[in-house]
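On the provided structure of chain F, position chain A as indicated by the hints.
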Amino acid sequence: MADVKVLGAWPSGFVYRVIWALKHKGVNYEYIEEEDLLNNKSKLLLQSNPVHKKVPVLIHDGKPVAESTVILEYIEETWPHCPLLSEDPFERAMARFWIKFGEDKALAFFTFYRADGEDIEKAAKECKELLRIIEQHGLAEKKFFGGDKIGMADLALGWIACWLEVFEEVVGVKLIEAGSFPRLHQWIQNFKAARIIKENTPDPKKLFSHFKLRREALIASKEA
Amino acid sequence: MEEKQSEVKLFGTWASGYCTRVVLALKAKGIPYRYIEEDLKNKSELFLRYNPVHKKVPLLLHNGRPVSESLIILEYIDEYWNHSPKILPDDPYKRAKVRFWADFYDRKLKEGTVAIMTSRGKEKEKAIEGFLELLKVFEEGIAKDFPEKLTFSNSQPLDFLDIIVGSSACNYEAYNEAVAVVVDPKRNPLFFQWMTALKECPLMKESLPPHDKLVAKMKSFQSRSV
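Residue numbers (my numbering), protein chains in the order written: chain F, 1 to 224; chain A, 1001 to 1226.
For reference, chain F alone in the conformation it holds in the complex:
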């Protein structure tokens, strides 16, 4: 019986990618919460991910795998049933392209999250441009990034469905509206309605409190 552990932190969208993938494949795992990621990282985390010291980390039979997108590929290859990637090399390349796009552009959304005052408008504009590209070129006419079913790119971009609305509420500015991003908006509804996602997402109220507090701290330290 394989021993699978996930080191995580409950507010992290990166961690949930891994949880969703494991749940999707019906892989049993032990979840270990990093209680104080900012100030007191656990010995297990430091041993398992000495390079980046970040969550998530997957530990499979004692062997650690770090970086959520690397973990997703590892899960797909180790438990190939209920595939998250197409068999077709071109479709796989497309999924990886959008996963990488999300990673490369995530900073823009983090900038929006911690923007204050007059910086918010500029940050929001940049995020909307990126969302437009994702909607037009990534999602196009498909129901999910993976096609008819949720795939790896959907899981990797799932933060847009579940975390972005929390950021919007905390900042007080909406990025995605049904009128302006109809297909992305529909994708969000479909994604959140999927059983695995619905049953495995942190409480939005808890997320809101957490990110509101953290944003206030970030803004205060910027002004200090």
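Hints listed in this document are in silico derivations from the structure and should not be mistaken for laboratory results.
Each statement offered as a hint is correct.
Example chain F residues on the side facing chain A (calculated, C-beta under 8 angstroms, incomplete): (1) V51; (2) V65; (3) T78; (4) F90; (5) R92; (6) F97.
Simulated pairs of lysine-lysine, BS3-like, Cα-Cα distance not exceeding 25 angstroms: (7) A:K1055 x F:K142; (8) A:K1043 x F:K100; (9) A:K1108 x F:K63; (10) A:K1122 x F:K222; (11) F:K53 x A:K1110; (12) F:K128 x A:K1055; (13) A:K1144 x F:K54.
Nothing here was measured: the structure is a model prediction, and the numbers come from that model.
Where a beta carbon is used, it is the ideal one built from N, C-alpha and C, also for glycine.
Chain A in isolation, oriented as in the chain F frame:
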């Protein structure tokens, strides 16, 4: 073995290490292709049509279908033409390690070399210091996870990490001359050993850009980014 009939085009620029990666992978696998040098100041219509999101090189066009981002292209090549030599290992855990270090190299080290080129004075010194710290981490990581790299001989086929790292780091002499000495046998003996052995590999020799041309290009890029 059924031969896959394919039309393969590669849009690239001669100085880009990212493009060299794809050239190395195609040559290593014996895949015939047509190379098109793209003028980035005046991008061709075909290039823009197939690459609307990033508009960057390299772009692989395979039977009219575009694949971009060098790491993704390499995985695509290995999956579509899945004959030997294999670029990625078969074992999922080894593949995870290879992807982890490729990501570290691109996000931390390659970005670090650009940061050095685009900074001056005290800022440049700081950028070099930061880069060398990261190079040490990378070197130690490779020594632990891929010790065979330290005894690399050019009779071995090139794999994912050889291609990704070698395509730019084998040009270290040009970088040392044009920008700053960052690859140094005393500071990073293992990394240096791997790169000097890799440089002698025939495929690498014929695919890397000419030294003097690259030095001139790097110097020009540096002076333009003041």
